[in-house]
Amino acid sequence: MSSRISTSMMHALAVAQMQSRQAALFKVQQQIATQSRLLTAKDDPVAAGVAVALDRAEAAWVRYGENASQLAHRLSLTETALSSIGDRIARLREIAIQANSGAMSAEDRRAFLPELREHYDALLALANTSDGQGRFLFGGAQDGAPPFVRVSGGVDYVGDQTQRRVEIAPEVSIADSDPGSEIFLRIRNGNGHSVARPDPGNAGVAVIKSDGITDPGAWDGGSYRVAFSGGAYTVLDSGGNPVATGPYVPGEAIRFAGYQLTLGGEPADGDAFDVGPARNQGLFETLENLIATIQMPGLPASNKAAQQNAFYAVLQDLEQAGNHVIDARASVGARLATLDRTAEEREGQLLATRVTLSSLRDLDYAEAITRLTRESTTLEAAQLSFARIQSLSLFSLLR
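Quick note, the sequence shown lines up with residues 1 to 399 if you use full-length UniProt numbering.
Please keep in mind that the hints were generated in silico from the structure rather than gathered at the bench.
All C-beta atoms, glycine included, are put in the ideal place defined by N, C-alpha and C.
Take these hints with a grain of salt, some might be off.
Here are the simulated distance ranges between beta carbons [what the hints assert, rightly or not]:
(1) S223 to G264: 18 to 28 angstroms
(2) S84 to D160: 15 to 25 angstroms
(3) S210 to E344: 41 to 51 angstroms
(4) D160 to E266: 48 to 58 angstroms
(5) G264 to G217: 38 to 48 angstroms
(6) R279 to D160: 17 to 27 angstroms
(7) S210 to G231: 29 to 39 angstroms
(8) S84 to A141: 17 to 27 angstroms
Computed cross-link-like contacts, SDA-like style, restricted to lysine to any residue with a CA-CA straight-line distance of at most 20 angstroms [to be verified]:
(9) K209 to L315
(10) K304 to R197
(11) K304 to G322
(12) K209 to A103
(13) K209 to A257
(14) K209 to G231
(15) K209 to G264
(16) K304 to D108
(17) K304 to G201
(18) K304 to G264
(19) K209 to G258
(20) K209 to V172
(21) K209 to A272
(22) K209 to G246
(23) K209 to R164
(24) K304 to A111
(25) K304 to S101
(26) K209 to E344
(27) K304 to S210
(28) K209 to D108
(29) K304 to G270
(30) K209 to R225
(31) K209 to S302
Build out the structure end to end from the sequences listed, making use of the hints.
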């Protein structure tokens, strides 16, 4: 039994072949136009699936890079602001040292007041520094208004304690700021561990020369009072119990509980100095104390001693403030260093992801041009064959 192919079947086969060649040609044209060999997932299901996952990874690495760029800008602004704050604190210490000189008259000291008030305003402005994008460097998460405001008693912090963290790599996040309360308010006064202050009612001329903890293991962080009477001192604990006694000798250290206090000058009977643990004290409070100290009257002699003791306290507090800002700058510097370290890894991961994506998607142009030429030739042949089939008839066969 012989099989016969009808004219209609031949026509259908020719059309199907021509459509197949047209589809193949269109596909290679689309690949060249899009520069990708993967037009649909069915072109290479495995490669397409991997590419989708890598697309997500690439987007994540790009986002990490954008986060890092914004974070670097903000931290750089913070470092600059802290540097300016540190410079002003250093100048305040210079003023305090000069004003504490015995050669200075009350009028000479008051000449520093305009500069001190300028530093006060400048420090307040620095505390309210903005990043230029509507956020304050030292306001926590409160961005609607400056975090530090003047009040009748000085300056108040109205920001919050939030420390925002920014993700710059998988499982790596960095704080983009420090609350202003940490920078400007939580500064330990005195020597950072303990503090000595004269009783406001002292009538003698004893002044603090130095103080500090000599044995941290013995220091209990308690409150003590060093009282003077009849040329001797008695150290009392917070309960009024004597813990040390001895003759008072100017310049000779008074030691108790792992701590020592050295005084110069003579105390009057009934004078006392209080010793206790350091507490948090704001930078603006310290500056206000310096302004008040400079304005203290120098006479009588007991006033002069009170002023010297006040200068001693202010100088200690300014030193602590300077060290506190140095620590804050070190923290910001460490974060910037982390950014630098992760940048190389992040860029390497992004490059590797893009290289892999390129190997999965990118078109081999030489091979694609070869296919384009082949498919064009094949389509032309199919079209020519179809045209010939269309022209066939019984009469043409009988010629």
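Hint check:
1. S223 to G264: 18 to 28 angstroms: holds, 24 angstroms
2. S84 to D160: 15 to 25 angstroms: holds, 24 angstroms
3. S210 to E344: 41 to 51 angstroms: Hint holds: Cβ distance 49 angstroms, inside 41 to 51 angstroms.
4. D160 to E266: 48 to 58 angstroms: Holds, at about 50 angstroms.
5. G264 to G217: 38 to 48 angstroms: For G217 against G264, whose Cβ atoms are near 29 angstroms apart, the range 38 to 48 angstroms is violated.
6. R279 to D160: 17 to 27 angstroms: holds, 22 angstroms
7. S210 to G231: 29 to 39 angstroms: Once the Cβ atoms are compared, 21 angstroms apart, the range 29 to 39 angstroms for G231 and S210 is violated.
8. S84 to A141: 17 to 27 angstroms: Because 24 angstroms falls inside the window, the suggested range holds.
9. K209 to L315: With Cα atoms ~12 angstroms apart, K209 and L315 stay inside 20 angstroms; holds.
10. K304 to R197: Answer holds: K304 to R197 is near 15 angstroms, not above 20 angstroms.
11. K304 to G322: Violated: K304 and G322 sit about 27 angstroms apart, past 20 angstroms.
12. K209 to A103: Given that 20 angstroms is the threshold and the Cα spacing comes to 18 angstroms, the pair holds.
13. K209 to A257: Since the Cα atoms of K209 and A257 sit roughly 19 angstroms apart, the hinted pair holds (cutoff 20 angstroms).
14. K209 to G231: Cα-Cα ~18 angstroms, so holds.
15. K209 to G264: Given that 20 angstroms is the threshold and the Cα spacing comes to 6 angstroms, the pair holds.
16. K304 to D108: holds, 15 angstroms
17. K304 to G201: It holds: about 13 angstroms lies between the C-alpha atoms, which stays within 20 angstroms.
18. K304 to G264: Distance ~13 angstroms between K304 and G264 Cα, so the pair holds.
19. K209 to G258: Holds, because 18 angstroms separates the two Cα atoms, which is no more than 20 angstroms.
20. K209 to V172: violated, 49 angstroms
21. K209 to A272: holds, 15 angstroms
22. K209 to G246: holds, 18 angstroms
23. K209 to R164: The hint is violated at about 44 angstroms.
24. K304 to A111: Answer holds: K304 to A111 is near 18 angstroms, not above 20 angstroms.
25. K304 to S101: holds, 11 angstroms
26. K209 to E344: Violated - the C-alpha atoms of E344 and K209 are around 53 angstroms apart, more than 20 angstroms.
27. K304 to S210: Satisfied, since the Cα-Cα distance of roughly 18 angstroms is no more than 20 angstroms.
28. K209 to D108: violated, 24 angstroms
29. K304 to G270: Roughly 18 angstroms between the alpha carbons, so the hint for K304 and G270 holds.
30. K209 to R225: holds, 17 angstroms
31. K209 to S302: holds, 16 angstroms
In summary, the structure is inconsistent with hints 5, 7, 11, 20, 23, 26 and 28 from the numbered list given earlier, while agreeing with the others.
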